[in-house]
Structure formats: C-alpha cells, structure tokens
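Trainee: Sequence:
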Amino acid sequence: MEAQIDLAEEFENFIKGFKDSNGNYKYSSQLSEMIAYRKRSLIVDFTDLYSFNEKLATDLIDSPSAILQQIEDRLLRMLSDIDPLYADEVERVHLRLINIPRTVELRKLRSSDINKLIAIEGILTKQTPVKERAYRVVLKHTHPDCNQEFIWPEEGEFEELITMPSICPKCGKPGQFEMIEDRTKLVDWQKVVLQEKPEEVPSGQLPRQLEVILEDDLVDSVRPGDRVRISGILGIKQDSLIRRGSRSVFDTYMKAMSVEVSQKVLDEVEITDDDKKKIEELAKDPWVKQRIISSIAPSIFDHWEIKEAIALSLFGGVPKVMPDSTRIRGDIHVLIIGDPGTAKSQILQFASRVAPRSVYTTGKGATAAGLTAAVVREKNSGDYYLEAGALVLADGGIAVIDEIDKMRDEDRVAIHEAMEQQTVSIAKAGIVAKLNARATIIAAGNPKFGRYIEERGISENIDLPPTILSRFDLIFILIDKPGSEDQRLALHILNMHSEKVVKDTVNTDLLKKYIAFARKYINPSLTDEAK
6 MEAQIDLAEE
16 FENFIKGFKD
26 SNGNYKYSSQ
36 LSEMIAYRKR
46 SLIVDFTDLY
56 SFNEKLATDL
66 IDSPSAILQQ
76 IEDRLLRMLS
86 DIDPLYADEV
96 ERVHLRLINI
106 PRTVELRKLR
116 SSDINKLIAI
126 EGILTKQTPV
136 KERAYRVVLK
146 HTHPDCNQEF
156 IWPEEGEFEE
166 LITMPSICPK
176 CGKPGQFEMI
186 EDRTKLVDWQ
196 KVVLQEKPEE
206 VPSGQLPRQL
216 EVILEDDLVD
226 SVRPGDRVRI
236 SGILGIKQDS
246 LIRRGSRSVF
256 DTYMKAMSVE
266 VSQKVLDEVE
276 ITDDDKKKIE
286 ELAKDPWVKQ
296 RIISSIAPSI
306 FDHWEIKEAI
316 ALSLFGGVPK
326 VMPDSTRIRG
336 DIHVLIIGDP
346 GTAKSQILQF
356 ASRVAPRSVY
366 TTGKGATAAG
376 LTAAVVREKN
386 SGDYYLEAGA
396 LVLADGGIAV
406 IDEIDKMRDE
416 DRVAIHEAME
426 QQTVSIAKAG
436 IVAKLNARAT
446 IIAAGNPKFG
456 RYIEERGISE
466 NIDLPPTILS
476 RFDLIFILID
486 KPGSEDQRLA
496 LHILNMHSEK
506 VVKDTVNTDL
516 LKKYIAFARK
526 YINPSLTDEA
536 K
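Residue numbering for the sequence shown follows this note's numbering, beginning at 6 and increasing consecutively.
Derived from the structure by calculation, the hints contain no laboratory data. Careful, some of the hints might be misleading.
To be verified - Here are the computed lysine-lysine pairs in the DSSO-like style, where the Cα-Cα straight-line distance is at most 27 Å:
1. Lys294 - Lys525
2. Lys439 - Lys525
3. Lys145 - Lys121
4. Lys369 - Lys289
5. Lys439 - Lys486
6. Lys175 - Lys121
7. Lys384 - Lys260
8. Lys282 - Lys136
9. Lys190 - Lys178
10. Lys60 - Lys121
11. Lys242 - Lys113
12. Lys325 - Lys121
13. Lys136 - Lys44
14. Lys283 - Lys517
15. Lys113 - Lys294
16. Lys136 - Lys190
17. Lys121 - Lys289
18. Lys242 - Lys190
19. Lys433 - Lys384
20. Lys453 - Lys384
21. Lys136 - Lys384
22. Lys439 - Lys369
23. Lys145 - Lys113
24. Lys294 - Lys282
25. Lys242 - Lys260
26. Lys517 - Lys289
27. Lys121 - Lys260
28. Lys453 - Lys411
29. Lys433 - Lys453
30. Lys145 - Lys202
31. Lys44 - Lys190
32. Lys384 - Lys202
33. Lys202 - Lys439
34. Lys433 - Lys486
35. Lys411 - Lys486
36. Lys525 - Lys281
37. Lys190 - Lys283
38. Lys294 - Lys283
39. Lys44 - Lys260
40. Lys517 - Lys281
Quick caveat: nothing in here was measured; it's all calculated off a predicted structure.
Turn these sequences into a full structure, and let the hints guide you.
Mentor: Here it is as structure tokens:
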C-alpha cells in the first residue's frame, strides 16, 4: 500500500511540476479547465509522464490495475481542494493516457499482455447502444435483527458482475440483501468490437477481433467504420462466477483508457522525405499523366481509356458544400461492363492494391447488410450490435465490387444512398444511426446475356436498373472482338511471361504514395479559363 500511495504522490508532483517547452505548467492549467467545463477526464501524454518520472510511467504500463484507482482518487482529491462543489458533482474522474509506446497487433495479443497497459489499432466494426453499469450499490440487510444499510463494495467497484457479500459488514451475520435502486451509482457503458484493418490481414486468413469496453465520457466517441487507436488494460472475460467445473479457457477484452480516432485516411500511408523527393521529381515530368495511366495494371494490354478512368477515380475530385449545406461528392464512380476474359477483375484488383484504403467484395457474396450496415444480436449476451458493412469500412477510400450484375435487386438498392449521399442510414431493433460511407465505388460486371450482343441496345445488354447506372460517372463497355490487335496482345502476354518489364511505369508503392500525397495536399479549383 505504501508503494501505491507513494506513486499517487509522485503523480501529484507530476501534475503540479511538469512544464512544457514554453515553460508553462501544462497539466495544472488543465485541472482548471476540467473544473470550468465540468470535464471528467484528464488527458496526459505518456511521453510527458515518462520524461518526468520514469518509474511511475513504467509501473503504470506493467501494473495499471494496482495503481490506477489510487491515482484517480488522488486526482479527485486535488480537484476537490480547488473546487469542492465540482468534486461532489462529478464524483469520479479518469486519467486518459495517450501515446502509449507499446502497440500490439490484434493477432499478436498473448497471455503475457493480460493486465498490462497496451495500445491496439484497428477498425471499429460493431457497437452496442449505450447502457448503464452499476459500479457501486447500497444494500440493506433484511435480517430482522439488523436492517442496516451499507455501501458495497467497501473498496473499489464492480466490473460487469455484481457479487453480493457473504456476511453483513455491519452485524457480521449472513442473510438476504436488498439493493436500494435509487441510491445505486451508475456509469455509462458501451461495448464495441475492434477488428484488424483489411490491408493488414494476411492473405487467406480471417481478421482478428477484440471486444473493447468504453465507459463514461468515452461512450459514443467512435462509431462503426472509424479507424482508431485504443489504449487500455487487457483483461479476461468472466461470463459468470467461477464455480467447480467452470471452464478454464477465457476470452480476452480491453477496458479502454483512451480512444484516438484517425481523422485522415491519407495519414495512414507513410511518406518519408526520400519519398517526397521522388514524388516531386515525378510531378515535374511533362509526361506524368501518361506515365501514371500506363502504370495502372501495366500487365494488362491496352484499355487506355479505362486505365485513365481508374487513375482519375483513385485521385478523386474535390467535394464541395454549397451555401444551403448541400454536399456534392468529389468521388468518381466507375463501372466496367464487359465480356468474360477482358481483364475486368484484374484491373479492379490492381485498383484495390494501389488505393490508400480499399475494401474488395464480390456481388455474388454481398448482401445489403454486408455492403451497408446491419443490426446483429450476439448469442451469448443477447446484446444488439450495429455492424458496419463494406462501404462504411471503405469510408475515405475505394470500395471495389466485382460481379455487380450477380447481386440481387434488393441488395443493390441498398447502395443507392451510399453512392450519392455517401451515408448509410439504418433503423432496426431500436438502433437509429447514420454512418459515413464516403467511398469511391469501382465496379465491374458481365453483360445480361453473358456476352455483349451488339445488335441490341445498351440498356438491353446491361442488367442494372437506371437508378444504379445514373450514379456511375464513367461507364465502359468491353467487347471481346477477334481482330488484328490479337497479335499484339499475344506478344504482350509473351513479354509478361518472359519477365520483360513494361518500360516507363511507376512502381506500385510509389504510385500509392503519389496518390495519397496528391489527395492530401492538392485541391484543384475550376478557373475561368477552364470554363
């Protein structure tokens, strides 16, 4: 206990004594801000704590559960000394550490990480509605010789399970206990599921997931589709009290301490100073447009116009918000309809690889819920989750849909809103939500009759309703016609198999960084000359 008290005192010294680079007391001023705005959390940068007191920072990483409550109690006492009314009003405060140095991949979480303070990164796929968790209750001993009330637990607080005392702490006798509901202490509680980012999942493997508990001011701070970095304590789930014959295998979960949302998709692509030099050199090339187009799926012969369309779609336009708050999307949706064997799928797969963020799906295996969002119920707990679909997960990137013609009509209707308004609205099982789906859609499919019949019109050959077609900005028809070009195509294929590299193309990694750099820093506007 002495060590814990000493660490709490060390934390108080840190709050009062730490100065930033300008010589200001960084966290002392934040205490005043907490009181003024009735905030319940103090956000502390771990690097600040480590530079001030290495032992305290290390102990927080290795044994957070043992000392965190002591630190938060001391923090509340410090705030109470400044403003007792504030302390009585909020009752409990939280330490939110950010920039935790140890980031663990979801698939590399091990038993050695249990009860440690770690950070994880991923994409939020599921979210329950906000509920209330009782962390402290007032019980009444119903024994006729006692009838006294007491706060339980006497120290600490409950997690998800409420455990009743075996004997009354007032009279020392066993008996029945009655909970006084109007004096129960409650805190906002929410469960979310974090999943590996699609681009980080090894080929042929399923993405790993982890349940995360958000409490108090962290609830509803994120929503499905957000890419987040969560710092917290990894623990094991106890679905029920441990009794004789209980299972010895446990699932893990994380109790979040802080949540940081990745605001910009393009920041996920790491661009070094050396990369910037290469990007600037490429931008100065007078033939840069031609080089970029030829670098789109260079192993595919011809299809110059389609490659140009894919390049335009990858770079995207500029979204605009009109004076009446109407939002005009800047994403360029592309549809390719063509005969079998015309390299449609290869072009789509290349686009998904080179985009800063992408989700690849096929029409045959896609449902309305899988593309947009769904409300699902967990069997074990009975909780309802709001689960994000492919278009929500691709927010800020591109969604590639192959075999779009194989989708059922009722499933295709679901993407209407996502393509134009770039949102996904859902109202099911008492959950009403609107999620962002600001994704570029690049889709491909086959003609209605298997092959394109030139004697019939375009509308007869394309088995898609006008409501979908009108939302695509560029539509291409690919017809496999035997002709003189076949000889050049055969030569191109032979060159590919003999490992002759196509000249004057940009490698995929640099092209990906070039696209991310352009989308982040370049915002073209329409000039009078262009009009």
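Trainee: Run every hint past the structure and note whether it holds.
Mentor: Okay, the hints, checked on the actual structure:
At most 27 Å may separate the alpha-carbon atoms for a hinted pair to count; Lys294 and Lys525 meet this at roughly 18 Å. Taking the CA atoms of Lys439 and Lys525, the gap is about 26 Å. The hint holds against a cut of 27 Å. Taken as a hint, the Lys145 and Lys121 pair is broken in the structure, with Cα atoms around 36 Å apart against an allowance of 27 Å. In summary, the hint linking Lys369 to Lys289 is not supported, as the alpha carbons are separated by about 44 Å, beyond the 27 Å threshold.
A C-alpha spacing of about 46 Å is found between Lys439 and Lys486, which places the hinted pair above 27 Å, so the restraint is violated. The hinted pair formed by Lys175 and Lys121 fails the criterion: a straight-line CA distance of about 36 Å is larger than 27 Å. Only pairs whose Cα atoms come within 27 Å are accepted, and Lys384 paired with Lys260 is accepted, the gap being roughly 22 Å. At most 27 Å may separate the alpha-carbon atoms for a hinted pair to count; Lys282 and Lys136 exceed this at roughly 51 Å.
With a C-alpha separation of about 25 Å, the suggested pairing of Lys190 with Lys178 holds against the 27 Å cut-off. With a C-alpha separation of about 15 Å, the suggested pairing of Lys60 with Lys121 holds against the 27 Å cut-off. Simply put, Lys242 and Lys113 have alpha-carbon atoms about 18 Å apart, close enough for the 27 Å limit, and the pair holds. With a CA separation close to 45 Å, the supplied pair Lys325 and Lys121 exceeds the 27 Å bound.
Proximity of Lys136 to Lys44 is assessed by CA-CA distance (about 20 Å); at most 27 Å being required, the pair is judged to hold. For the proposed pair Lys283 and Lys517, the alpha carbon gap of about 12 Å is at most 27 Å, so the pair holds. Restraint check: the Cα-Cα separation between Lys113 and Lys294 comes to about 42 Å, which exceeds 27 Å; the hinted pair is violated. Our distance criterion of 27 Å between C-alpha atoms is met by Lys136 and Lys190, whose separation comes to about 13 Å.
With a C-alpha separation of about 50 Å, the suggested pairing of Lys121 with Lys289 is violated against the 27 Å cut-off. A distance of roughly 22 Å separates the Cα atoms of Lys242 and Lys190; the hinted pair therefore holds under the 27 Å criterion. Straight-line distance between C-alpha atoms of Lys433 and Lys384 comes to about 18 Å, which keeps the hinted pair within the 27 Å bound. Our distance criterion of 27 Å between C-alpha atoms is broken by Lys453 and Lys384, whose separation comes to about 41 Å.
A distance of roughly 18 Å separates the Cα atoms of Lys136 and Lys384; the hinted pair therefore holds under the 27 Å criterion. Using a Cα cut-off of 27 Å, the hinted pair Lys439 and Lys369 holds, with the two alpha carbons roughly 26 Å apart. At roughly 46 Å between alpha-carbon atoms, Lys145 and Lys113 are farther apart than 27 Å, so this suggested pair is violated. Proximity of Lys294 to Lys282 is assessed by CA-CA distance (about 18 Å); at most 27 Å being required, the pair is judged to hold.
Our distance criterion of 27 Å between C-alpha atoms is met by Lys242 and Lys260, whose separation comes to about 11 Å. Restraint check: the Cα-Cα separation between Lys517 and Lys289 comes to about 18 Å, which is no more than 27 Å; the hinted pair holds. Pair hint Lys121 plus Lys260 holds up; C-alpha atoms about 11 Å apart against a cutoff of 27 Å. Pair hint Lys453 plus Lys411 holds up; C-alpha atoms about 10 Å apart against a cutoff of 27 Å.
At roughly 34 Å between alpha-carbon atoms, Lys433 and Lys453 are farther apart than 27 Å, so this suggested pair is violated. Between Lys145 and Lys202 the alpha-carbon distance is near 49 Å, which puts this suggested pair outside the 27 Å criterion. At most 27 Å may separate the alpha-carbon atoms for a hinted pair to count; Lys44 and Lys190 meet this at roughly 18 Å. Proposed proximity of Lys384 and Lys202 is supported: the alpha carbons are some 25 Å apart, at most 27 Å.
Distance check on the hinted pair: Lys202 and Lys439 sit about 22 Å apart at the alpha-carbon level, within 27 Å; holds. Of the pairs offered as hints, the one joining Lys433 and Lys486 is violated, with about 49 Å between alpha carbons and a cut-off of 27 Å exceeded. Restraint check for Lys411 and Lys486: satisfied, since their Cα atoms lie roughly 24 Å apart, inside the 27 Å limit. For the suggested pair Lys525 and Lys281, the alpha carbons sit about 13 Å apart, so the restraint of at most 27 Å is met.
Pair hint Lys190 plus Lys283 does not hold up; C-alpha atoms about 59 Å apart against a cutoff of 27 Å. Taking the CA atoms of Lys294 and Lys283, the gap is about 15 Å. The hint holds against a cut of 27 Å. With a CA separation close to 20 Å, the supplied pair Lys44 and Lys260 stays within the 27 Å bound. Distance hint between Lys517 and Lys281 is fulfilled; the C-alpha atoms sit about 12 Å from each other, no more than 27 Å.
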